[in-house]
Amino acid sequence: MAKVLIWRLARMVATLFVVTFLTFSMTALLPGDPINAILGTDSVRDPAVEQRIRDDLGLDDPFLVRYVNWLGDAMQGDLGESYINAGQDVAQTIQDRVPVTAQLAVMAIGIALIAALPLGILGAYREGKWQDTSSSAFVQVALSVPNFVVGIFLIWLFSVQLGWLPASNWRRFSDGIWGNMKTAILPATALAANQMAIFSRLVRSDMIATLRENYVLSAKAKGLSDGYILRRHALRPSSLSVATVVGINFGALLGGTVVIETLFAIPGLGFRLINAINQRDILVIQGIVVFVAVVYVVINTLVDLLYSVLDPRIRRS
Amino acid sequence: MSTTANDPAARMAERLSSPIPASASNDESKKPGFWTTFKSMPLLVKLSFIWLVLIFGGAIYAKLDVSLFDGALPLQDPNLQTNNFNPATGAFGDGEPIEAPSGMHWLGTDAIARDTFSRVLHGAWVSLIVAMTAAACGIFIGGFVGSLVGFVRGRTETIAMATLDVILAFPALILLLALVSIFKVRDLFLISAVIGFLSIPTYTRVARAGSLAISQREFVAAARAIGTKPRQILFREVIPNVMPTVLAYAMVQAAFVIVVEGTLSFLGLSVQLPQSSWGNMINQARRDIKITEGFYQVLWPSIALTVTVLSLNQVGDWFQRRRAVRSAAL
Numbered sequence: 003m004a005k006v007l008i009w010r011l012a013r014m015v016a017t018l019f020v021v022t023f024l025t026f027s028m029t030a031l032l033p034g035d036p037i038n039a040i041l042g043t044d045s046v047r048d049p050a051v052e053q054r055i056r057d058d059l060g061l062d063d064p065f066l067v068r069y070v071n072w073l074g075d076a077m078q079g080d081l082g083e084s085y086i087n088a089g090q091d092v093a094q095t096i097q098d099r100v101p102v103t104a105q106l107a108v109m110a111i112g113i114a115l116i117a118a119l120p121l122g123i124l125g126a127y128r129e130g131k132w133q134d135t136s137s138s139a140f141v142q143v144a145l146s147v148p149n150f151v152v153g154i155f156l157i158w159l160f161s162v163q164l165g166w167l168p169a170s171n172w173r174r175f176s177d178g179i180w181g182n183m184k185t186a187i188l189p190a191t192a193l194a195a196n197q198m199a200i201f202s203r204l205v206r207s208d209m210i211a212t213l214r215e216n217y218v219l220s221a222k223a224k225g226l227s228d229g230y231i232l233r234r235h236a237l238r239p240s241s242l243s244v245a246t247v248v249g250i251n252f253g254a255l256l257g258g259t260v261v262i263e264t265l266f267a268i269p270g271l272g273f274r275l276i277n278a279i280n281q282r283d284i285l286v287i288q289g290i291v292v293f294v295a296v297v298y299v300v301i302n303t304l305v306d307l308l309y310s311v312l313d314p315r316i317r318r319s
Numbered sequence: 058m059s060t061t062a063n064d065p066a067a068r069m070a071e072r073l074s075s076p077i078p079a080s081a082s083n084d085e086s087k088k089p090g091f092w093t094t095f096k097s098m099p100l101l102v103k104l105s106f107i108w109l110v111l112i113f114g115g116a117i118y119a120k121l122d123v124s125l126f127d128g129a130l131p132l133q134d135p136n137l138q139t140n141n142f143n144p145a146t147g148a149f150g151d152g153e154p155i156e157a158p159s160g161m162h163w164l165g166t167d168a169i170a171r172d173t174f175s176r177v178l179h180g181a182w183v184s185l186i187v188a189m190t191a192a193a194c195g196i197f198i199g200g201f202v203g204s205l206v207g208f209v210r211g212r213t214e215t216i217a218m219a220t221l222d223v224i225l226a227f228p229a230l231i232l233l234l235a236l237v238s239i240f241k242v243r244d245l246f247l248i249s250a251v252i253g254f255l256s257i258p259t260y261t262r263v264a265r266a267g268s269l270a271i272s273q274r275e276f277v278a279a280a281r282a283i284g285t286k287p288r289q290i291l292f293r294e295v296i297p298n299v300m301p302t303v304l305a306y307a308m309v310q311a312a313f314v315i316v317v318e319g320t321l322s323f324l325g326l327s328v329q330l331p332q333s334s335w336g337n338m339i340n341q342a343r344r345d346i347k348i349t350e351g352f353y354q355v356l357w358p359s360i361a362l363t364v365t366v367l368s369l370n371q372v373g374d375w376f377q378r379r380r381a382v383r384s385a386a387l
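These protein sequences, in sequence, are chains H and X. Letter 107 of the first sequence, counting from 1, is numbered 109 in the working numbering, and no numbers are missing. Letter 231 of the second sequence, counting from 1, is numbered 288 in the working numbering, and no numbers are missing.
Honestly, I wouldn't trust all of these hints.
[Claimed, not checked] Below, computed lysine-lysine pairings styled on DSS-like, alpha-carbon distance capped at 25 angstroms:
no., chain 1, residue 1, chain 2, residue 2
1, H, Lys-131, X, Lys-103
2, H, Lys-184, X, Lys-347
3, H, Lys-131, H, Lys-222
[As the list claims (entries may be wrong)] If you want the footprint, here are the derived chain H segments under chain X, 3+ residues with CB under 8 angstroms:
no., segment
4, 13–24
5, 139–145
6, 152–165
7, 247–257
8, 287–298
Hints in this document: simulated from the structure, not taken from any laboratory. All C-beta atoms, glycine included, are put in the ideal place defined by N, C-alpha and C.
Here chain H stands alone, though its shape is the one from the complex (with noise of 0.2 angstroms):
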């Protein structure tokens, strides 16, 4: 185990060398001064400010050498100041906008196992019924249809139409847990819809394998319920391959919620990353794609490693 558990890590650490190294050459391969990239080549110029940022993104050190300056600071949690939202401290901005993207990201994920538990463990309980027919066919819909029409339609029937609830002006967590819901409730469920039909899927599938096992077999000539058994007997060996697929997917829910953040606009790390864009603003940019890509490298090992704890088959081989 401590073998897997060395190697795995240090796998972990070479990818993330990778990946940062990669997300810096970003700047390094715009065409043209990066100057002009972070600037933007139509604003009015202050010859000074141009010099500060030379000097303080050391552009005139070789490209390695400022790679390791920019490692060695992102690691004390210092990602640069954005230069088009004069003085905005890029860290500083993301641990502000952390907290909205992972209570959607984490409310999406419980949406979704919510929903999708009895959708699949019904249609594998009544495999080839009605049942089963139509719930397949509802989480084929789910399946197909993109996350951002699943929001908007949210927003028609329970903003629009019903007036239930708002379509924006999110409130944060701190501000009063009923106010947050009732912000949270509808982008959470409209991130969830994919998801949702994704896990059903392999909860029916491995249901369906389970519910084939001679122990099921025994407990039913045992004269248990069927509920019982399900709940009981089937759900848990059912529920490993939707707990690997909870952690790979939530790096799609990530890229998921930066539309949904601005569908909803909601103040996250997504919504701030399209306004980094369309700004050109590049270091926040930089900072934010670099922050997503680390959190999602240590979750896939997180998981990797959590699976091979849950199964000891995969810890041998």
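Fit chain X to the given chain H structure using the hints.
Quick look at chain X alone, frame taken from chain H:
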């Protein structure tokens, strides 16, 4: 039970007594014709297929109308604001912004009185091109590299797969946004190229998995045993058997790519206005969602996008299932 068809023993006897069905086995390896394939589809897959033909046929028609026939074909100009002053007639156009569907405008008009039906078809062109480019990059580059490394193994494989793992270490949409943000001018060509490039890793994985399995098979071992050159084995034995799997995957991947392009357009980071794409139509129309007719304008491109993605998934899944059955029989 009198018919031979239902009696396994009789069938077996018939098979044994008949001469070696050389032509029959040839027929099996030959691709079934289009009609045979189409007729063997379940109803839902058939409908999906018909939808795909209609929407992408419409896209090609719309493109031809603009590029080759200079708007002479019966389809409205996607960018004409129908309420504008028309110098030729000396009067204002009779169009209205945000109209309900009518005989004149089949899907109504958008916020600046452009014909939505035409814009949906032109938007389909964007989806079609992005999907085709991604499929082409994936099949030709990813399919080839995957087949190759699955066949030769060794260090080449390690290096290739490690490179791909780096690309896959980023969340796909974030990497796409980062790449797209580098460029100031975004047109269909650029967007297709970037999405095509990012499609290569997953195709390579699919092809490699197929190639690993095929390379273990007896006919490859047999080819090796009789001294066939590795290159010939790769091109004659491995790649032809890996490709059907890759092609079936291409359908499902195309669905994913269309959603990705839709997301980019929705964020305003794909093709630039006034060129229409389903994503940017949805984004523009969502401002008028409070008006009933405005809601329709969100509805049409959303339906086009969702039904197309659903159809590609249906057809792709069907091909994959069929492929799985066939390769088991191979």
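Status of the hints after comparison with the structure:
no.	hint	verdict
1	Lys-131/H / Lys-103/X	holds, 22 angstroms
2	Lys-184/H / Lys-347/X	holds, 20 angstroms
3	Lys-131/H / Lys-222/H	holds, 20 angstroms
4	13–24	holds (count 4)
5	139–145	holds (count 3)
6	152–165	holds (count 5)
7	247–257	holds (count 4)
8	287–298	holds (count 5)
In summary, this structure violates none of the numbered hints.
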